[in-house]
Structure formats: structure tokens, C-alpha cells
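**Q** Protein sequence lines, in the order shown, are assigned to chains A and B.
Reminder that position 256 of the first sequence reads as 256 in this note's numbering, one-by-one numbering, no gaps.
Reminder that position 326 of the second sequence reads as 326 in this note's numbering, one-by-one numbering, no gaps.
Derived from the structure by calculation, the hints contain no laboratory data.
Given the structure is predicted, the values throughout are model-derived calculations rather than measurements.
Incorrect hints may appear among the rest.
With beta-carbon atoms standing in for the labels, derived distance ranges [stated by the list, open to error]: (1) S312/B x V286/A: 51 to 61 Å; (2) G207/B x M1/A: 17 to 27 Å; (3) A277/B x E224/A: 52 to 62 Å; (4) M1/A x P100/B: 13 to 23 Å; (5) G207/B x L13/A: 11 to 21 Å; (6) K133/B x K191/A: 34 to 44 Å.
For every residue, glycine included, the Cβ atom is placed at its ideal position computed from N, Cα and C.
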Amino acid sequence: MWDYTPKVKDHFLNPRNVGDIPDADAVGEVGSLACGDALKLYLKLDDNKEKIVDAKFQTFGCASAIASSSALTEMVKGKTLDEALAVSNQDIAEFLGGLPEEKMHCSVMGQEALEVAIFKYRGLEVPDHDAEHDHGHAYPDYEGTLVCKCFGITDTFLKKVIADNHLTTSEQVTNFTKAGGACGSCIPKIKELIAEVLGQAKEAAAKPKLSNLKKMQLVQEVLERDIRPMLRADGGDLELIDIDGDHVQIAFRKACAGCASSGNTAKFVEMKLRELVYDGLRVQEV
Amino acid sequence: MKEIYLDNNATTKVDEAVFEEMKPYFCELYGNPSSMHYFGGQVQSKTTEARKRVADLLGASPDEIIFTACGTESDNTAIRSALEVLPDRRHIITSRVEHPAVLTQCRNLTAKGYRVTEIGVDSAGRLDMDEYKKAIDDDTAIVSFMWANNETGVIFPVEEAAAIAKANGAQFHTDAVQAVGKIPINMAASKIDMLSLSGHKLHAPKGIGALYVRKGTPFRPLMVGGHQEKSRRAGTENAAAIIALGKACQLAGEFMEAENTTVKAKCERLEKALLAAIPHARVNGGGADRLPNTTSIAFEFVEGEAILLLLSELGICASSGSACTSGSLEPSHVLRAMGVPFTCAHGSIRFSLSRYSTDSEIDAVIKELPPIIARLRQMSPFGREFLK
Numbered sequence: 001m002w003d004y005t006p007k008v009k010d011h012f013l014n015p016r017n018v019g020d021i022p023d024a025d026a027v028g029e030v031g032s033l034a035c036g037d038a039l040k041l042y043l044k045l046d047d048n049k050e051k052i053v054d055a056k057f058q059t060f061g062c063a064s065a066i067a068s069s070s071a072l073t074e075m076v077k078g079k080t081l082d083e084a085l086a087v088s089n090q091d092i093a094e095f096l097g098g099l100p101e102e103k104m105h106c107s108v109m110g111q112e113a114l115e116v117a118i119f120k121y122r123g124l125e126v127p128d129h130d131a132e133h134d135h136g137h138a139y140p141d142y143e144g145t146l147v148c149k150c151f152g153i154t155d156t157f158l159k160k161v162i163a164d165n166h167l168t169t170s171e172q173v174t175n176f177t178k179a180g181g182a183c184g185s186c187i188p189k190i191k192e193l194i195a196e197v198l199g200q201a202k203e204a205a206a207k208p209k210l211s212n213l214k215k216m217q218l219v220q221e222v223l224e225r226d227i228r229p230m231l232r233a234d235g236g237d238l239e240l241i242d243i244d245g246d247h248v249q250i251a252f253r254k255a256c257a258g259c260a261s262s263g264n265t266a267k268f269v270e271m272k273l274r275e276l277v278y279d280g281l282r283v284q285e286v
Numbered sequence: 001m002k003e004i005y006l007d008n009n010a011t012t013k014v015d016e017a018v019f020e021e022m023k024p025y026f027c028e029l030y031g032n033p034s035s036m037h038y039f040g041g042q043v044q045s046k047t048t049e050a051r052k053r054v055a056d057l058l059g060a061s062p063d064e065i066i067f068t069a070c071g072t073e074s075d076n077t078a079i080r081s082a083l084e085v086l087p088d089r090r091h092i093i094t095s096r097v098e099h100p101a102v103l104t105q106c107r108n109l110t111a112k113g114y115r116v117t118e119i120g121v122d123s124a125g126r127l128d129m130d131e132y133k134k135a136i137d138d139d140t141a142i143v144s145f146m147w148a149n150n151e152t153g154v155i156f157p158v159e160e161a162a163a164i165a166k167a168n169g170a171q172f173h174t175d176a177v178q179a180v181g182k183i184p185i186n187m188a189a190s191k192i193d194m195l196s197l198s199g200h201k202l203h204a205p206k207g208i209g210a211l212y213v214r215k216g217t218p219f220r221p222l223m224v225g226g227h228q229e230k231s232r233r234a235g236t237e238n239a240a241a242i243i244a245l246g247k248a249c250q251l252a253g254e255f256m257e258a259e260n261t262t263v264k265a266k267c268e269r270l271e272k273a274l275l276a277a278i279p280h281a282r283v284n285g286g287g288a289d290r291l292p293n294t295t296s297i298a299f300e301f302v303e304g305e306a307i308l309l310l311l312s313e314l315g316i317c318a319s320s321g322s323a324c325t326s327g328s329l330e331p332s333h334v335l336r337a338m339g340v341p342f343t344c345a346h347g348s349i350r351f352s353l354s355r356y357s358t359d360s361e362i363d364a365v366i367k368e369l370p371p372i373i374a375r376l377r378q379m380s381p382f383g384r385e386f387l388k
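Just chain B, with the same shape it has in the complex (with noise of 0.2 Å):
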């Protein structure tokens, strides 16, 4: 059975010419890029070349990019360090829909004494920028709002949002990891203090992230030890992960425009060809600005597991809000937090495209889909009436 993934907000494929491009630098060219020696310093050359290929996606100058192990570090990084620089600030701004990443250190850090403010959405998933403005104030050290929704895809207008935090004197950070490699960023032209991405999101490996931290922002490091990107994060350089995401960033600016037309396309009509086919069904922030490449669904009377599961028994791969998946008894934050009923939130389905994805890809989900809602309906002591 050949795989239909459409999961490329969980995990992408590592790209053929990323593979390649990493590969040497396991067995043969296996030097440390620190060593004084020709031999690491051919590596060093490298890591030097993956870091101007990272910025050069963002539009960011190459030194203000540190590289880490995942987006959570990068995430975890920046807000330890905003509050270490800031030190008199006690408040901390984020959103109800962040990352765990996020939202589980904030948490956290309330326990040290820290305010939190989890700022809400609408019921399209779209930030309440007024209630942001409100509950900003010249305690606040870090505002960290996510670029792009990892399960609806909505975009949160972040250059926005960086303004208001600077004119209070905050710091402002941004978990881009569904962003990057999808939209066109500009740090250049931003007051972005602080941007996150990872790797595995763009068809990089796993266990590669990196953190953007403006030129001239105070910044504390979270790991220290050795002088690893300029003692910002210490840690022997993962050189070859390093190699790989640089390339893949070179490629997701090169695929830029196919990720906001094809990629685009096949999402929208995946969303319209479901909808017209199911009756019952309601797009999770469909009044929203979206990632080219996400659409959440959800289905009435029928639970996301089910779904799932008998997706995947035709190799079809997605991804659920409802709560049977993750172990947890309630269905995602996320939708929660827009408000969707708990009669829809039990029975999203999130499916997510990357440029890998096919057109007959996208017709054996078209296919597919509708008999699996219909069969579970079926089986369903709800909503028999309403579907009759």
C-alpha cells in the first residue's frame, strides 16, 4: 500500500536532495566544525553556507540565526531569555491557541511568580487584537503569539501585534514553525524580535531547529558550555542536520511560489470537493486568512478516531482534533478555544498538503471520504434523523 500523506503539518518527507546533501557528513566528511584542523573546517564551511541559506529564507543577515535541536527549544529559548533580560517585567503575553511548546512553559513559569495572559480568538480562530491591546502594559517582558496555526492554519497578523509590543517596550516572539517555508517572511522589514522554526516541518530531518534573534536584541542563552553559535547555544554543532536544513530552506524559497498556487490550489479544492460531498460539514477557521497548504474539517455526529483509522486502513494519512487521539478525554485547545461545539471538535479532521501532494492524491481522499463519514453516521445514535 502506497502512502497518501497528507500530514505535512505533523512531519514532511525529507527531501531527496536534502538527504544527499546531508549524507557525507556522517561517515566521510565527519569533522567538528570548531576544530582548528582543515578537516573540520571543511565542515565548518558548510554549517557557515546552511546559516546564510536559512537567512536568506527569512530575510535576516546570517548571524542572527542560532541553530538549536527543534522548535521547542527555539520557543522554550526565547522566552527564558526574554524574561532573564527583562528581569523587572513579571507578565507574560501569549495566546489560547499556541503551540504546547508555548503555551506548557508559560504555564509553567506562573508558578514562578510569572503573570500570564492567554490572549482568546474569535470563532474563525483569529486573534482578539483588542483584548491583546488591553492587556498589554509596561510589565509586560515577552508577548509570543504563533505566526500560523498548526491545526485550522490561521494567520495572526504578528507584524501587527511585534508593533504594539515594541511601543511597550517588550520583547516580541514569534513560533513560526508552520510558517516558514509556506509564507514569504521578511525579517528585514519586521519588528520581530524573535522567530522559531524547525526543520522537520520543511523537509528537513528531524532534530534540527533554529531560533532568529534580531540584531542588537538582548538574548540570554539557555544552553551554556562551550562557544557554539557565538555562546549563544552551546552544544557540538549537529553539523550534517545543520547542512540538511539549509538546503531545504534554499528549496522552500525556491518552491515559494508553487507552495502558494499548486500546493494552494489542491488544498481548496480538496476543501470544496468534501464539503459539497458531506453534508454536515464546517471548515475550523474558514472566515480566516489560512496557510496555503491546511484545511480542518469538521464532520457532525461522527468522532475523529474512527475517521482516522479507517482513512488510514487505504493508506491515506491526516491528522484529528478530536480527543480519542492524543490520550487527553478533551478534544484540541485549539477548536475549543474558537468555540466550535464539541458536536464538530469530536470530528475534525485536519489534512495538510505539502508540494509532494498529488492530484490523484487528493481524488483518492474525494473518493474515499464521504462513504467512511456516511458508514460511521450510520453507525451513530445521532443526527440519523437529521441525515435521512
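Only chain A is shown next, with the shape it has when bound in the complex (with noise of 0.2 Å):
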């Protein structure tokens, strides 16, 4: 049996927002029969055409798609398109209390319907693609050589997911987006697209170093734009302590503190400051 987090079974036994939205302003449609998920997802604006006011969705899949479907609705209800659109699988993932490494692939393709459903609204052209398969190519920002062909998958949307999930082995990606997980033969391909990447991080980790006052700018910015509005979402939130040198000292705060799993969440801000400050950050809970 799967290791599902209580909050996997709960959004898999009583899925919120299940259902379509006849009026929807947008409409992300992704996966197919035959790769063995897919999701529809529906979105409803307010009047101003900024916020999200509703959010409804279909899935077929096993219980960590309908899971991470269900979450995807509730994480989106409020945010503007913009807030939406920064919403990560990985985020999918840490409001469900962590996916079976093999299930990622699930919080992907929430992150991707929501994706091909803000770009089309925004009238960027979706092109028609391959009705059986069609991850990660269904919008033109993923256009790209096609590297797995069993789950027509291209190198542009693997090199986005393998940099945003900091990935090191084929097998990762596999478990991310299924890519090489049926006939093998893309593998080495693979392979050189993590090398590729790797090579472009180790570029971008020896970055001239942040001055002390940038960098605190920076860790306030992340803070209020990333990580405080999901906290507080789930009830919760944080404080920025103090900054000393390379460490972040912050304290929970509502629902966060004394919350059992606040370890890991520390270990989010953690990622999320390193991914988007300075790689050498560390957070500490004080």
C-alpha cells in the first residue's frame, strides 16, 4: 500500500469542489485515458476578471490525483490569476503533507491543468496536440523536441520540472512526470537534460554572493510574497526573527505553532529561500 498522508486520504475520500462550472471564465485540460490520469479543471473570476472566486474540477486517476486535484481547488480559491499562476507542484505537494515520491507526477499535472487554464484564458494559443497524450506539451511555452514518446513529453516542460523539483536521477524524473517510465528507451536522453540542468544551476550557484542588505531585502520579499499567504491559507503563519548572516531565524506563529509537522514546514521555507534568495541559506525556528 501507498504511505498516503492523512491529508491524501481526506482530499481522496471527501474531495472538495468535485464538479464543473457550467460559466467558467477558464478551462485547463490536461492528461488523457490512456496515460492513466487526467484532470479538468474550472475556474471562475469575479466581476473585475482578477480574482479566483471558485474552483471546480474533474479527475481520473488513482487517489494521490484526486488528492492533489481537490487540494489544487482549494490552494487557487481567492488568488488572483498571478498568485495562481506561482503556485508549484511542489506547493501541491507540502499542502498535502508530502506525495509518495512516485506519485509527484500527480502535483504536476495539477500545476500543469492550472497552468494551460490561466494561458488560455489569457488567449495565448493552446495548439492542438495529441489527444491520447498530451503532458507537459499542451501549451506553447513547453513546445519543444519530444523526449518520451510513450507519454508525449518534451524537453522544455522536463527541463522546467527537473530545475523546479531540483532533480538528480532519471528515476526522479520518472516519478515527476512519467517520462521514460514505459518503454525505457528515452532514458539516456534524460539523463543528459539533468546534466543539462545541473550544469545551468552550478552556473547560477556561482553567482557573485549577496550583499548582506540584498539579501535581507530578498528573504522579506520571498517571506511576504511566497510563504506567509499559504501559511495563513491554512490558518497559520510566521515572523522573521532576525538574519544572521547566513541564518534566518523565524518563529511560527497561529495554527503553525506547536503544529506537529512545523518541522517540515520550516524545511519548506528552508527550500524556498534557497531556491529563490541564496543557496546557502539556513532556517532556523527560534
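Using the hints, put the two standalone chains together into the complex.
**A** This is the structure:
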């Protein structure tokens, strides 16, 4: 049996927001029957067409695909389209208290459907795609060379997922995107892509060191923009106490204070800060 | 919550009588059956009795039975042995729907220069005998076809296939792990050289299996060391489990008629009721000769893992050919070999009964499954128009 978290089980057994919105402003559809999972996401905007006031989904797939879809709809409600676009697959997994690595592709599918919906709404052209296999190349940003023929996945999409999730092995790439999971003939190519992305990551890490002032500014910015809204959505919060060199001291507030999984949350905060500010940062809970 | 266990092709409950039979051989009668003293000797007399009981179920003679640790070991031993005793032959024939215990081993052997032909099946899961007849030649060392398929229960014509193998000078092995104890087997009137069985599929514990090797069939052991099993399988005998397997085989013989009447009737009732209650459902292997206890049903537009977990919430244990349950990303190789459309393969559920399955358990599944399928279909973006 998969080791699903209580939150995954809850969102699978009692999925939120199942169904459709007949007058939806934005609809995003990814996956197919052949792939084994598919998600159709409906978004309804407020009168100013800024905020998402309602979200519903229809999903064909396993327990974690259903739970990821349910989580996604809960997460985007109340967000502006730009805020919603910032939701990453890690955010979805994190919301659910984590997913087994073999199931991470379910969170990627959720994030993908969200992007497709918003891109389409904004009038960015979505090309007709292969009706059977349409993970990853459903919209123009991810056009590129087809790498995995079995699941129809392009190099552009793979590089994005590899970079976003800091993947280092082809097994991880399969778990996150399914690429390489059927015939396996594209695994050498996937390894090349990982090497390419890692090469770029090294270059990025070698960038000149941030000044202390700049570092503090960026940390505050990321906390305000990317982290606190998410915690608040769950009834929690955090406060920045101090920044001492590379050590960022935070304190959890409200529901996060004393929460059994605050250690995971701290790790998540660290991951986000490292990703968006500087790789050497450490988060300490005080 | 009392479990409703309908996953007997995965493993079975150890029969209470089997457990009673093996119990004294842990703390009290713990001697080594190979020892010279009386204390080991009393164990040996029980393992001798067990060997006879296993042989009786198969219509074999006791010295044709080699105890192993599991079905997989029996399969590996048989194939390796054939290749060693026929070193000039470099061709292996098996089927596309074998258990990984056979299929993985055959595929690995291609790296050692062996040619492997995997014979296909038709949409009902029946072996393509014409393809087999064309594939076999005087280079074929071993043919290994399963007696019955674990996922669909489809029965292969192994006797006919064995006769063809023998006519070509090849050895014939069958993985009968799912067949033994469920359908009558008589090796005395057979051309099969080797047959694998597994204890935990017929109400003996896990960790015990056997390999039948016909008298006169050239054989090389996989495990070497001591003289146990007449030097055909070295390693101290797992005496308690061997004694358990003997008892389980004796009981399987006694329940054989029930398996093919009452168990079969329950399985058929389940299948018919589910097909009647749930539209867009079909039986995998429905047109073929099948085991009395197995039914694999494909439900369109829904995914197997979700079905299994919702059943599991109600205590109902079944199995799926879906990709998501196994950690792989493609549906089962068996269903794909049969050409079952992906739309159905992802939503395939297998129920496998045993003599312990009750009518009320079958009633529970007939009651609970249709709303589960309806609920998931309501959630699915596919087939909503179909199902209106």
C-alpha cells in the first residue's frame, strides 16, 4: 500500500470542489485515459476578472491524483491569476503533507492544468495536441523536442520540472513526469537533460555573493510574497525574527505554532528561500 | 472491521489445520531431519509424509518432489537447469503473460546470448499455439508456459504444449503456482517435465514452494552445498513449512471438488451480478477457460487504485491491473498483451476467491462496488456523456 498522509486520504475520500462550472472563465485540461490520469480544471473569476472566486475539477486517476486536484482547487480560490500561477507542484504536495515520490507526477499534473487554464484564458494560443498523449506540451511555453514518446513529453517541460524540483536522477524524473516510465528508451536523453540543468544550476550558484542588505531584502520579500500567504491560508503564520549571516531565524505563529509538522514547514521555508534567494541560507526555528 | 478477503491469488490464509500440523516443529520437535539421532529422525518421518502428500495432489511420485523456498525459486531452478543440461541449445520459449518470476529471468538471459521468444495471446488471453509451433526448433532448450494466469485466471493448454516441446527435444516447464489446488493435476498422465508450485497460494505459509521434476529428466541444481533433497536443492530443510505444505496439499485434494463447484459458483455469481449492475464493464479473459476462483473485470473511465482504496475503506480486499497500484506507469503486461484497451486496463479489478469466501462476502461486494464505480465516474472527466 502507498504511504499516503492523512491529508491525502482526506482529500481522496472527501474531495472538495468536484464537478464543473458551466460558465467558467477558464478551463484547463491535461492528461488522457491512455496515460492513466487526467484532470479538467474549471475556474470562475470575480466581476473584475482578477480573483478566482470558484474552482472545480473532474479527475480520472488514482487516489493521489484526486487528492492533488482537490488540494489545487482549495489553494487557488481567492487568489489572483498571477498568484495562482505562482503555485508550484511542490506547493500542492506540501499542502497535502507530502506525496510518495512515485506519485509526484500527480502534483505536476495539477500545476499543469492550472497553467493551461490561465494561459488559455489570457488568450495565449494553445495548439491542438495529440489527444492521446498530452502531458507537458499542451501549451506554447513548453513546445520543444519530444523526448518521451510513450507519454508525449518534451525537453522544455522536462527541464522545467527538473529545475523546479531539483531532480538529479532519471528515476526521479520518471516519478515526477512519467517520462521514461514505459519503454524506457528515452532514459539516456533524460540523463543528458539532467546534466544540462545541473550545469546551469552550478553556474547560477557561482553568481557573485549577495550583499547582506540585498539578502535581507530578498528574504523578506520571499517570505511576504511566497510563504506567509500560504501559511495563512491554512490558518498559520510566521514571523521573521532575525537574519544573522546565512542564518534566517523565524518563529511560527497561530496554527503553525506547536503544529507537529512545523519541522517540515521550516524545511519547506528553507527550500523556498534557497531556491529564490541564495543557496547557502539556513532556516532556524526560534 | 472484519476483512472481506478476495485476493487469494496474491496470498491465502493459512488453514488452521495446517498451522496446527506445523506448530510442534518449532519449539518441541526442532531436530534437523538429516541428523542420525532419533530426534531428527522423527522430523524426517514427517517431511517424508509431507512429500508424499504433495506428490499425491499432483499424481506424482514422492521422489519427483523437490522442496524450495518459493514459486520463484522453483521457476528459476527449472529454467536454469534446462539450459545447463542442454548446453548446445540456445533458445528459450515463454509467453508474454508469464509471472515476472519467469519473464524477468528469461529476459535477463538474453544478455547471456540466449534467444528468447515470447508467445502472444489473443484478446481473451488464450495462448497463440500457431505462433508457438512456428517458434519452436531444434535449438529450443526449454519451453516455459504458466498453467493458469494469476491476473485473469485463463488456463493454458499446457499438456498439448508439452507434447510439442518433447517432440522437438526441448524440456517443458510450467509455472503452476495458480493452478495447483484449484484444478485437478495428474502428472502420471502428462508429458510435462517440470512444474512449480507455491505453498502460500494454497493455504500453507509463505516461504515454502516445490518443484516437480519428472523421473528421468536430466536436472542440475541451482543451490549447491549439502546433500538435502538428494543433492537437488542444498540447504537445511524448512521442516515446519514442508510439513505445512504437505497438510495443505492433502486438504487441497479434499476440497478440489468444492473448489470447482461451490467456490466456482460464488465467483460466477459475483461476476454476473457486477456486470449486470455496472454498465461499461467487461471480463478480462471472459471468452477463455478460466480458474474457478478468479474474475478480472475492467470498468471503463475509472482508475483501479482509486477503486481498490475505496473498497479497502470498507474492508474489501481485491487487486488491480492498474499502473498506479504497482508503482509502474503502465497497466499490467498481461492486460496489454491481451490488447485490452488502456481505457479499460487502468480500471481493471481482480477478485480471487478461496474456500473461505462466503456468500455474505460476495453479497457485500455486489452491494458496495456499484456505488463506488458510479462515484468515481461522476468525478471523472470521461464518459459522462456515455453514462447519462
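**Q** State for each hint whether it applies.
**A** Here is how each hint holds up against the structure:
At about 43 Å, the beta-carbon gap between S312/B and V286/A misses the expected band of 51 to 61 Å. In this structure the supplied range 17 to 27 Å holds for G207/B paired with M1/A, their Cβ-Cβ distance being about 21 Å. In this structure the supplied range 52 to 62 Å holds for A277/B paired with E224/A, their Cβ-Cβ distance being about 55 Å. M1/A and P100/B have their C-beta atoms about 20 Å apart, which keeps the hinted 13 to 23 Å range intact.
A hinted range of 11 to 21 Å is violated for the C-beta pair G207/B and L13/A, which are about 35 Å apart. Under the hint 34 to 44 Å, the C-beta atoms of K133/B and K191/A, about 43 Å apart, fit the expected range.
Hints 1 and 5 from the list above are not met by this structure, while the remaining hints are.
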